[in-house]
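If you read the protein sequences in the order shown, they are chains F and V. Take the first sequence: its position 128, counted from the start at 1, is 128 in the UniProt record's numbering, and no numbers get skipped. Take the second sequence: its position 57, counted from the start at 1, is 57 in the UniProt record's numbering, and no numbers get skipped.
It is possible that some hints are incorrect.
Note: identical chains are not told apart, hence a pair may lie in one copy or across any two.
Think about it this way: if two alpha-carbon atoms lie no more than 20 Å apart in a straight line, the pair counts; the simulated SDA-like pairs of lysine to any residue are [said to hold, decoys possible]: (1) 196 - 168; (2) 189 - 138; (3) 87 - 47; (4) 196 - 64; (5) 87 - 149; (6) 87 - 102; (7) 87 - 133; (8) 206 - 54; (9) 196 - 89; (10) 189 - 148; (11) 206 - 149; (12) 189 - 141; (13) 206 - 56; (14) 87 - 164; (15) 196 - 172.
Simulated from the structure, these hints should not be mistaken for laboratory data.
Now for the letters of each chain:
There are 2 protein chains.
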Amino acid sequence: MVESMPMSRVAQQERSKVTRRRLLEASLDTLSDVGLAGTTVSAVAARAGVSRGAAQHHFPTRDSLVEAALEEFFAERTQQLRSSVAKLSTGSGAAAVDAVDEVVTLIFGFFSNRPFHAALHIWAAASTDDSLRELIVPAEARYGREVYQLTALALNADLSDQHTRRLLGLTLDVARGLGLGSVLVDTRKHQNDAIKTWSRILDGIKRND
Amino acid sequence: MVESMPMSRVAQQERSKVTRRRLLEASLDTLSDVGLAGTTVSAVAARAGVSRGAAQHHFPTRDSLVEAALEEFFAERTQQLRSSVAKLSTGSGAAAVDAVDEVVTLIFGFFSNRPFHAALHIWAAASTDDSLRELIVPAEARYGREVYQLTALALNADLSDQHTRRLLGLTLDVARGLGLGSVLVDTRKHQNDAIKTWSRILDGIKRND
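One chain only, chain F, in its complex shape (with noise of 0.2 Å):
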C-alpha cells in the first residue's frame, strides 16, 4: 500500500457535507422511530454511522441537531414543491378549470406522500413534548407561508381578494386532511373524488390579469 496523500481542503468539506447530511437524515428517521426522548447526538451518529466526535463537531447538542434536522426537511420539502410548480402545464394567466385540477392533484398529492407521514410522527410526539414543539412552530410557520405562496403561484391567484386567499387556505387543509386519512388506509378512490369537487370550488377564486 502507498501512503495516501493528505486530503485536499475540497474533498475534506465535501466529506464534512456529506456527514452533515447523513446526520441530519438520521435524525428523521430517530426522531419517527423513537420520539425525541431517544434522538440523542449518540444515537443518530450510531444510526449515520458516523463517530460521535464527528457528530458533536458538527452539532454540539441534541437541540441543534434536531433543529437542523428540520429546517433540512421543510427546505427539501419546498424546494420539491417549488420545482413541481415550475414544471406545471398552466403557466402565469390560465384560468381553465383542468389547469386547476392539475394544481390540486399536485398540492393534494404533496401532503399525501411518505415524507408527510414520517412528519406525523414528530407532530404527535411534539404535541406532548414542549422543547421539540418550539422547535417545530417557526420552521413550520415559515414552511406553511412557503407552500401557501407555491400555491397562489401555480393558481395565478389574486391575493388582494379576501375569499380568494380563504379559499387557497382551505386548499392546505384540505390536502393535510387527506394526508392523514391517507396514513392507514389506501384512500386514492376518495383523494380522485376531492380534486373533482375542490377544483370546481376553486375555480371560483380571483385571478391576477
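Since chain F is already given, all that's left is putting chain V on it; use the hints.
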C-alpha cells in the same frame, strides 16, 4: 373490624364494569405515551391500578385489550357527536346559512379537541406497526361512516345527490386538516375563517324535502 359481607352479585358486576373501564382508559393513555410496543396487559394494569390477574380476566391478550380500547374510544366519540347533533337548533329541513354555520362549527370543533390529538398518536404509531393498523382500520372505517351519517343528518343533506355526498366527504377532510393544524399551535382565528368560508360552500348542498 367486622368481617365483610360477601359482595352481592350486582355489586360485583358493578365493580367489574368499573375495572374494565379503567383498563380501557389506561390502554389509550399507554398507547399514546409509549406506542403499541410498550402497551402490555401488565403495563396497562399497573397504570389503571388493577391487579395483573384481574386485568387478564377481562383481557387475556394485549390485542383483545387494544381492540376493546379502540372500540370504546370510537363508540364514545360517536355518542358525543350524536348528542351534540341532537342538541342543534337546526332541526330537520332548516337551510339558512347560519344553521349550516352551526353544524360546521360543531364538526370542525369535533376534530380539534383533545381526543383527536390523542388519536393522532395512535395513528402515527399504526403507520409503522402493521398489527396496530389491522386493529384500527375496520373500527376507524365504521366510525368514519357514522360521523359522515351524523353530519348528513345535521345538515338534512340529500345523499342521493353526488355533489352533496362529495361536499360532505370534503367537510370531514377539512375538519381533519384543521384538527391536524391545531395540534401544535392555537389556530382558532384560522378555524373561524374556515368555518365562514366552508359554510358558504356547504350551503350549496341539496337538502331533503
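Hints, one by one, checked against the model:
1. 196 - 168: both (16 Å within a copy, 14 Å between copies)
2. 189 - 138: between (35 Å within a copy, 18 Å between copies)
3. 87 - 47: This pair counts as neither: shortest intra-copy Cα distance 36 Å, inter-copy 54 Å.
4. 196 - 64: Cα proximity of residue 196 and residue 64: none, with 43 Å in one copy and 41 Å across.
5. 87 - 149: within (16 Å within a copy, 40 Å between copies)
6. 87 - 102: within (11 Å within a copy, 41 Å between copies)
7. 87 - 133: Answer is neither; intra-copy 34 Å and inter-copy 36 Å both fail.
8. 206 - 54: neither (53 Å within a copy, 64 Å between copies)
9. 196 - 89: For residue 196 and residue 89, the Cα distance is within 20 Å only inside one copy (18 Å; across copies 32 Å).
10. 189 - 148: Result: close only across copies, 17 Å inter versus 25 Å intra.
11. 206 - 149: within (15 Å within a copy, 34 Å between copies)
12. 189 - 141: Classified as between: cross-chain Cα gap 15 Å, same-chain 31 Å, threshold 20 Å.
13. 206 - 56: Intra 51 Å, inter 62 Å, cutoff 20 Å: neither.
14. 87 - 164: Cα proximity of residue 87 and residue 164: none, with 23 Å in one copy and 34 Å across.
15. 196 - 172: Both. Shortest intra-copy (15 Å) and inter-copy (16 Å) distances satisfy the 20 Å Cα cut-off.
In this structure, the earlier hints numbered 3, 4, 7, 8, 13, 14 are contradicted, and the remaining ones agree with it.
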